[in-house]
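Chemist: The lines below spell out each chain.
There are 2 protein chains.
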Amino acid sequence: MKSTSDTRYNQRIHVDFSNMIAENIGARGIPESDFTQAMIDLQYAVSQTDSKRDEMKWRDLHSSQDAVLCDVKRIASRVRDRFDTFVVLGIGGSALGPIAVHQALNHLHYNDLPHDKRNGPRLFVEDNVDPQRMSDLLDVIDPRKTAFNVISKSGSTSETMAQLLIILDLLKKTVGEGWVSHIIATTDKNKGNLIKAAQQYGFDTLYVPDGVGGRFSELSPVGLLPAAVCGIDIDKLLAGAKYMDEICTDEFNDNPAYVLAVLSFLSQRMGSNISVMMPYADSLKYIADWYAQLWAESLGKRYDVNSNEVFCGQTPVKSLGVTDQHSQVQLYTGGPYDKVITFIGVETLKCVVDIPKELESIPDIAFLGGHTLNELLSSELYATRYAVTKSGHMNILISIPEVNAFTIGQLLMMFELQTAYMGEILNINAFDQPGVEEGKQATYALLGKNGYGSKLAELNAAKEANKTYSV
Amino acid sequence: MKSTSDTRYNQRIHVDFSNMIAENIGARGIPESDFTQAMIDLQYAVSQTDSKRDEMKWRDLHSSQDAVLCDVKRIASRVRDRFDTFVVLGIGGSALGPIAVHQALNHLHYNDLPHDKRNGPRLFVEDNVDPQRMSDLLDVIDPRKTAFNVISKSGSTSETMAQLLIILDLLKKTVGEGWVSHIIATTDKNKGNLIKAAQQYGFDTLYVPDGVGGRFSELSPVGLLPAAVCGIDIDKLLAGAKYMDEICTDEFNDNPAYVLAVLSFLSQRMGSNISVMMPYADSLKYIADWYAQLWAESLGKRYDVNSNEVFCGQTPVKSLGVTDQHSQVQLYTGGPYDKVITFIGVETLKCVVDIPKELESIPDIAFLGGHTLNELLSSELYATRYAVTKSGHMNILISIPEVNAFTIGQLLMMFELQTAYMGEILNINAFDQPGVEEGKQATYALLGKNGYGSKLAELNAAKEANKTYSV
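Here the protein sequences come in this chain order: X and P. Under this note's numbering, the first residue of the first sequence carries the number 5, and numbering increases by one thereafter. Under this note's numbering, the first residue of the second sequence carries the number 5, and numbering increases by one thereafter.
A couple of the hints might just be wrong.
A pair counts as met if it fits within one copy or between any two copies, since identical chains are not told apart.
[As the list claims (entries may be wrong)] Taking lysine-lysine pairs in the BS3-like style, the calculated list, with each CA pair at most 30 angstroms apart, reads: (1) Lys459 x Lys176; (2) Lys361 x Lys77; (3) Lys176 x Lys195; (4) Lys149 x Lys121; (5) Lys121 x Lys467; (6) Lys121 x Lys195; (7) Lys394 x Lys193; (8) Lys240 x Lys61; (9) Lys453 x Lys56; (10) Lys56 x Lys240; (11) Lys56 x Lys459.
Honestly, the hints are just simulated from the structure, not real lab data.
Start from the sequences, fold in the hints, and give me the full structure.
Modeler: Structure below.
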């Protein structure tokens, strides 16, 4: 499927890692021979990931959801017909995926467009419990014309459940009879609290399959319903994921997710504890946020699978080109050799904008006239890669032919597979998040949940024991 | 002025650094004696910064702008009376400050409010040259009702000048006679291209004073005009900055900017090359972005002031509580000891939102009912600090009594002073950005600007010399 005769090939995304290699960028790069050897030595990461395919249901979402897709489209159609606003209540993976895909594929000022120019209802994704956030949202929506998609696989996400209680109460008061049709639940089919609530009231419900954790759930109903509601072609999104899965199942030298994992491993070993993602397109801005969760939560781990303390995890950093050239690039070129920068470039953007010839008496401005914003953007990407490379800092370029549902599907699957391979290379469990338990339990204790008395005592004792330093 | 008898004291922001100290958090913290000694040893950073007060005009903006404020208010009033939309054309400091202050002090869905509920015209800040961004903006504004604030101190910012050429052409075509009144220029009074363009056409113009670089310019007309246009009390913003400047001029032990600089220095020396800023309020989300520029561009430097290669610079990371508890906190608790996390908490939020008692048959949800979102948010902040501390990771809490113009003014000045002190401690120039020159020149070369032929030859030679690695 990597052959150029595959009709999908001209929409394939590519990875250029020339600027990772010492022979090109100097002593701070990876010697070509190290890379070649590592590609051979670490192949077990691919075969072990492949052998766990049955557990990793997120990998099959592109082909396992025929019946689900009917439900998603049916509900989406109902929402589009009946409501002018769609609000996602969710946090973490339940929010970051929907935001990233919407920003990538819809108008950048989608909510500001008049109704007939939009692809669907207005979209708000509420991923915080700041009371001002809730209050300000309620100032700009009419609950009588709004559908709410409550997303929590476990149904134990306090933030989302608190939002649900507020919205339940609001709908009962403002909509009255029929309020139940304003809520769609996306959750586990069999366990947890949200399915109980959904059954109690009879909400329309979609299910997150087993083996699909929050940060790997964008291609499940978690992401598909918001996408379909806002007019995105979810079949093409899945087709893109399928194409990338096929690419990555083939020969290891032509597997971009594996190449990225090997480069991550080698650069981390050389001291790069920071991974910057810098797309050069506003549409891809929140792909970097989605990736930051995937990378941080999957690979930031105290223990390996044999319970050895490893304290591993690269810190992901979100950046945006060209914007952050005026904020972060000084650090990237002048600062320490502690990071890898992954640029994302788009070959053909959605439109062309000319820079008119004006102010011709001022040469330092006038030279821009006659070019296009597209040329300016691509020149700045080229120039920034050049400057970062010249200063000897490792960097990668991911090239996307154009931003559409098919290429975004590829991109998501590529990063998910890179993360899974990296978990195998580091010998850690990339699919759990034990480090957030402590905070959850402390929150329960502070809110007086039953059974957390001893945790509350622990919190109070810690407070007593500590000396305060402040200014 | 730190005395509790000062009437401003109850609005003073505070820094709690208990969780930086080894006696509280264990071996990965800073021993109290090291901290105490460093506070004495590094005082030169404060006195040297104070002695350069004449060069650092950004520090005096709270008191040096009486005449300027009249101009700002006059122009703001004209814009508010006449236009329904205000667009900032700027990048870097010209965008990040206006965005941060607007998000902090105005409604979170400001542009979505009906006109009579807003504090002023709709605001768009255009800090990229992505053609889709420009095209999508033009879909949602009416140039005949829109004012454009072009901001560039040097007037040589290609991105902003390209935007200006596009908008000039658009206004001439759509507005015709009188189009000049739609543009306000903010730039250097004497040099550069933008002042020439402004004089050629007769734009309303505001000036960025000498000694005020882009990332230190929020309290100059760069930030004050957009703030005043959108109804923010700019006098209170400046009064807050003045209060913090006074606090930091006094006894060094009570100088929060200095304490933060000393803690940054010590933690970096112990291996923390990452600085996370995590406000627990949506209103403060973009303060972290503004800070990321300030910290990265000021302190990410290849050379010290004596031209020694130092490659210094902590990498700033933006995070948002509670949202990123579900994205990044797994890494912060389980990952390496390579970062300091600065939480920002707000004591009194703008509103209180109750969580109603619903779903009482499901105890794991029902325990939330009867609380408020405010309690949930503050409990999660407390719990997350506890979890991060328990895992031995250094963290700081900045407490803000409430988010208002006076406290935001304090916050900006505190971070600016922290950055200036840090420059002195590291013996680097915190006010230049030589590392972005290479990329600028390469862009000029690629766009065929006169005089960059040899740079273009250099780029082509580099391309020839490199071997391509891709997948």
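Chemist: Are the hints correct? Go through all of them and say.
Modeler: Structure-based check of all given hints:
Taking the shortest alpha-carbon separations for Lys459 and Lys176, neither the intra-copy value of 36 angstroms nor the inter-copy value of 67 angstroms comes in at or below 30 angstroms. Proximity of Lys361 and Lys77 under a CA criterion of 30 angstroms is satisfied in neither setting, with 48 angstroms inside one chain copy and 33 angstroms between copies. Taking the closest pair of Cα atoms, Lys176 and Lys195 come within 30 angstroms of each other only inside a single copy of the chain (26 angstroms); across copies the shortest separation is 63 angstroms, beyond that limit. In this assembly of identical chains, Lys149 and Lys121 lie within 30 angstroms of each other by CA distance both inside one copy and across copies; the values are 18 angstroms within and 21 angstroms between.
In this assembly of identical chains, Lys121 and Lys467 lie within 30 angstroms of each other by CA distance neither inside one copy nor across copies; the values are 56 angstroms within and 44 angstroms between. For the homomeric pair Lys121 and Lys195, neither the shortest alpha-carbon distance inside one copy (41 angstroms) nor that between copies (44 angstroms) is at most 30 angstroms. When the C-alpha separation of Lys394 and Lys193 is checked against a cutoff of 30 angstroms, the pair qualifies neither within a copy, at 53 angstroms, nor between copies, at 35 angstroms. Taking CA atoms no more than 30 angstroms apart as the test, Lys240 paired with Lys61 passes inside one copy only; the shortest distance there is 19 angstroms, against 55 angstroms between copies.
With identical chains, the CA atoms of Lys453 and Lys56 are never at most 30 angstroms apart, being 38 angstroms at best within one copy and 55 angstroms at best between copies. In the homo-oligomer, the alpha carbons of Lys56 and Lys240 lie at most 30 angstroms apart inside one protomer (26 angstroms), although the nearest pairing across protomers, at 60 angstroms, exceeds that limit. For the homomeric pair Lys56 and Lys459, neither the shortest alpha-carbon distance inside one copy (37 angstroms) nor that between copies (51 angstroms) is at most 30 angstroms.
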